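Residue numbers (this note's numbering), protein chains in the order written: chain A, 1 to 342; chain B, 1 to 342; chain C, 1 to 342; chain D, 1 to 342.
Worth double-checking, as some hints may not be accurate.
Because identical chains cannot be distinguished in the list, a pair is counted as satisfied if it fits within a single copy or across any two copies.
[Stated by the list, open to error] Pairs of lysine to any residue residues, derived as SDA-like cross-links and limited to a Cα-Cα distance of at most 20 Å, are as follows:
| id | residue 1 | residue 2 |
| --- | --- | --- |
| 1 | K263 | R84 |
| 2 | K327 | T312 |
| 3 | K327 | G311 |
| 4 | K327 | D313 |
| 5 | K263 | D200 |
| 6 | K211 | V339 |
| 7 | K211 | R38 |
| 8 | K327 | R310 |
| 9 | K263 | G10 |
None of these hints come from the bench; they were simulated from the model.
Here the structure is a predicted model, which is why all the values come from computation and not from measurement.
There are 4 protein chains.
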Amino acid sequence: MRVGVLTGGGDCPGLNAVIRGIVRKGVQEYGYDFTGFRDGWRGPLEGDSIQLDIPAVRGILPRGGTILGSSRTNPLKVDNGIRRIKENLAKSEVDALIAIGGEDTLGVAATLSDDHGVPCVGVPKTIDNDLSATDYTFGFDTAVNIATEAIDRLHTTAESHMRVLVVEVMGRHAGWIAIHSGLAGGANVILIPEQPFDVDQVCAWVTSRFKASYAPIVVVSEGAKPKDGDMVLKDGSLDEFGHVRLSGVGEWLAKEIERRTGKEARTTVLGHVQRGGTPSAFDRWLATRFGLHAIDAVREGDFGKMVALRGTDIVRVPIAQATAQLKTVDPKLYNEVGVFFG
Amino acid sequence: MRVGVLTGGGDCPGLNAVIRGIVRKGVQEYGYDFTGFRDGWRGPLEGDSIQLDIPAVRGILPRGGTILGSSRTNPLKVDNGIRRIKENLAKSEVDALIAIGGEDTLGVAATLSDDHGVPCVGVPKTIDNDLSATDYTFGFDTAVNIATEAIDRLHTTAESHMRVLVVEVMGRHAGWIAIHSGLAGGANVILIPEQPFDVDQVCAWVTSRFKASYAPIVVVSEGAKPKDGDMVLKDGSLDEFGHVRLSGVGEWLAKEIERRTGKEARTTVLGHVQRGGTPSAFDRWLATRFGLHAIDAVREGDFGKMVALRGTDIVRVPIAQATAQLKTVDPKLYNEVGVFFG
Amino acid sequence: MRVGVLTGGGDCPGLNAVIRGIVRKGVQEYGYDFTGFRDGWRGPLEGDSIQLDIPAVRGILPRGGTILGSSRTNPLKVDNGIRRIKENLAKSEVDALIAIGGEDTLGVAATLSDDHGVPCVGVPKTIDNDLSATDYTFGFDTAVNIATEAIDRLHTTAESHMRVLVVEVMGRHAGWIAIHSGLAGGANVILIPEQPFDVDQVCAWVTSRFKASYAPIVVVSEGAKPKDGDMVLKDGSLDEFGHVRLSGVGEWLAKEIERRTGKEARTTVLGHVQRGGTPSAFDRWLATRFGLHAIDAVREGDFGKMVALRGTDIVRVPIAQATAQLKTVDPKLYNEVGVFFG
Amino acid sequence: MRVGVLTGGGDCPGLNAVIRGIVRKGVQEYGYDFTGFRDGWRGPLEGDSIQLDIPAVRGILPRGGTILGSSRTNPLKVDNGIRRIKENLAKSEVDALIAIGGEDTLGVAATLSDDHGVPCVGVPKTIDNDLSATDYTFGFDTAVNIATEAIDRLHTTAESHMRVLVVEVMGRHAGWIAIHSGLAGGANVILIPEQPFDVDQVCAWVTSRFKASYAPIVVVSEGAKPKDGDMVLKDGSLDEFGHVRLSGVGEWLAKEIERRTGKEARTTVLGHVQRGGTPSAFDRWLATRFGLHAIDAVREGDFGKMVALRGTDIVRVPIAQATAQLKTVDPKLYNEVGVFFG
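Chain A extracted, bound-state conformation (with noise of 0.2 Å):
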């Protein structure tokens, strides 16, 4: 038996203890070969490959990124793309394959499963931990972490000043990341993009926290939006080099809030510090786990799942149902953290 392994789609601290206990357990456990495809689909797309064996995952528990390198190539988008990943697992002698990646990657390994006979078992990554069928995924606690310590440390800065801080952290589709960091690091504000936001409230929160002599910090979803229908940025307006601007909504929010409180406010985009380098604990276990799951899902057939993470349990679910959802803050959750704004 031969599996074939690859990591999809962006940065995520734990990638590599993932690939460390499959192959750990691969091959002490039950004696399988492996082989390593590069920069996701990319790799059996076009037969890149290196080779998985126990001297090759020794030592890399505990740094970041992955072995494998990553891409975002969809095969799905590329004529005969299918067709030629078939052809270069036959040649590679590959019999299954683990996809490690979040929606798209794992879009395609259902595909595959499902449609074209591949046998293919998913793992779930996202650092913005915002996956349905799974209670985390790996990555996501070392970015609230890192989130957390950086907004520890602005709050000194902000009293000593007086001064509004926003904290841009990561989160597209959800607040996962800025409603965990916001509350660990005792934000006075934490916005969300399940929750447009109202720039005057906004205002209302930084101003009566200036009231009890304390300087806010207000931590925002990169893909947080308001309320008023404010453009934040527009899309394929140039600046004066020619080139795309780039405005976050930190930014922005902090123009605004400056502009209607008359206070001063400062922008702190953490951006990819959050995706880099060692893993916590925690994301050291599950993706570990994840991984000693999903050998143990080729090993029993139960190809077209995807493991996941249910309380402390590690379950299966198909790959298909796991990705139709994107998993969202409650608006109870954001409620019941909202008795610390302001």
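Start from chain A and add chains B, C and D according to the hints.
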């Protein structure tokens, strides 16, 4: 309505976050007043309390320890303990009590609530994560992160000198910290109280690791015990200064490994650093939500209950039931992790 | 004897450690009283102060920011500023003043001391480390550690996606943070204000790094400028919301690298996280010793002087002389570090 | 030109950074070849070496330990040690040697260079920072940061339970780690090998701290000794398992404090975690520059010298002179820090 709050038992990162959550929601949403009892059950027993209001809980979210102090005082073992508590609660006009603590502290709360008509709500606290009815307790994630970071650091020392390093972590009756930090830190052997260990098997794993040209890290719970009846420490034995000898399993095991394998071995006892200091983001999140839900239970008159984590939800369970049984590491889980031994 | 203390200018980890050092030694060894002026020179200008005694400085050593607050108020630019300060000092019965701050704050102290008979001692503070006469200033080591940790994290993201990552760090006029964190973080290009850079040379280094199958990290001081006369940002230009455009050198450079090399490039602006939060051990050591030596200078009546680090010794230098010239990165040192470029 | 490199003595964060600095500059700027000898002086003694080139030093900057391995082998105590080294150097065509290590390792290098015509350059390494002629050695800053973070965490545990916490840190002959981490961590007592301590004085400080309603932290170097002739450990005494007893000063002191003050006291021995793992930014900077200057010394034929830090400059000093005397904590500095005791 006036609510009393107390924290009992050992130190645990997140205690202050619970207190803050209770007070912020209780004051802002329900208009309650709060009395903070000092040093666990000693507070209501002796009528020793401080005022708990919003200014008192400002800035405490990231701080370890507890602003209320703690103790292991057990009023059930004190003459007229319960009567004195009831008198002091009456004197302070406290209508309900939230007790944050482990098995012992919560046991008192259950007795008071179930048998003596003192309305109590419990919040579970055990750094060892060994309380049934909740997926996780706060403080545990912080301890695991600290232990994992220490193991990460010890790897390079082990490699540079080709020594065995034995790391003793917390866990008297359950191996949760050992198994989580050992897996996350890439330990080569993990020993837990639930599974008496065979020293020769440990030595075989150690030797096999050296054969692969790496140096082994052995993670051992303070409560782990050897299979073969060797005494780890002789209770009551005195050293040359007339003090009771304090020799832990880690130190003992390192000596045994040296003796049996001929390899140099060293011990690191992580000790109290695992339970102090700022909580991780997850522990701040969990502890805060426990606080918010505990005051909701008071609001709803749902006494004799304890808040608990199930998946991502906070639920309520009868205190008496939750503390009836220790949550230990399932042999199946220990076996799952065993693939990384040696 | 009553001594006034104030902190001026930007936030910097270690300010509280200085204050604590001054007060602990002043009270315990010399029996002095202390007045803390709020928000830099605004405090003595407006007679706004708090009491500074031993309880007031308990627990502040590990905290970022300043318990006294800060501002950029310059009394030399305020009508009757010096007269008002002298009146308020007399009213508060303050006999001497310790001013903790950068070039501007210390410049005022020098003028007051040298020209107006107000006995002042200075403590240098600049997170950029660009003050002559001292080997290091506190806060700098913390900033370098934070930037280095961020660069460590960004490496794995860069590698996983084979992208260029541009990291913009603090340093308006001097490249100390960039050169220290860039070297420590293993950056492939470091650009500093002292050395206008050639974008084509940067692109050559970037390309050479990709040829070695690695992804480049470019660390750039916020004050670095290209050689060839390209404008990084057009001062005064407005964006579509009518706000002044804030485009930093990092964002601009990433676009240029993309345009010239065809490789994807991303920017991370570390911003305020570099200057907030708990100080590193070195900064706590240095800041505390600055405080201890500043109060000794007061005790000895050695006014108009500033404390400074030389090797491992704390010495005193005339404030006016110390602030006369910016400490910039020596071309020889930049050249030494250049062996790691590309 | 072929240059040999070796690392001797105890583990120390920054060793890999030195090696990388040497190789990067040696290869790129001077076109040298390199031979890495394994496990300190054992390497050239037994002719055990690996190839050192640019690929071999990629990615090692942030890693603790040493890719060359280390040992305490002393060729001066081995039959024909020097002759065998000279033969092996000749056989490997090594023209000069860079020895990175402490007093012992450098002592051999001095002898080889001064008395036996083997061209050697030294790089000082001692985590204890106790080597004369250099302001700081790499690894020390990392150890101090780790110890300080541990002390930060222990404060909250001490406060919550009103206990004495004794923290034993590294430092056999010099108290640098204790004095730096103790000051930075806000310890209430710091005990160092240079100043035999009076247990009653320690108890007085402890008691005074409790009177102020705080719990004391006592930081003690492993090499600190009581004044009054009490034996801390009886060399050669055996415990109940027939092993030599290992009781450190920390454990002993905690018991004495308990006995004399009646307060509960606990010990934490930080141990090996202080010397493993990723180096701090300062240590990476210092270690890298030591490497760059060591290869410059080889280039200039300046043998028998050791690189050293003076202020912010790297200088060269005769090895023999640099190792002649231990650098201990000046009583004046200890006294300066004493203002925070009690």
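Now the hints, each set against the structure:
1. K263 <-> R84: neither (59 Å within a copy, 27 Å between copies)
2. K327 <-> T312: The answer is both: 19 Å in one copy and 13 Å across copies each meet 20 Å.
3. K327 <-> G311: For K327 and G311, both the intra-copy (16 Å) and inter-copy (14 Å) Cα distances are at most 20 Å.
4. K327 <-> D313: Result: close both inside a copy and across copies, 19 Å intra and 15 Å inter.
5. K263 <-> D200: Within one copy only: 14 Å inside, 41 Å across.
6. K211 <-> V339: Answer is within: at 17 Å inside a copy they meet the 20 Å cutoff, but 38 Å across does not.
7. K211 <-> R38: Intra 55 Å, inter 18 Å, cutoff 20 Å: inter-copy only.
8. K327 <-> R310: For K327 and R310, the Cα distance is within 20 Å both inside one copy (14 Å) and across copies (18 Å).
9. K263 <-> G10: Cα proximity of K263 and G10: across copies only (17 Å, versus 37 Å in one copy).
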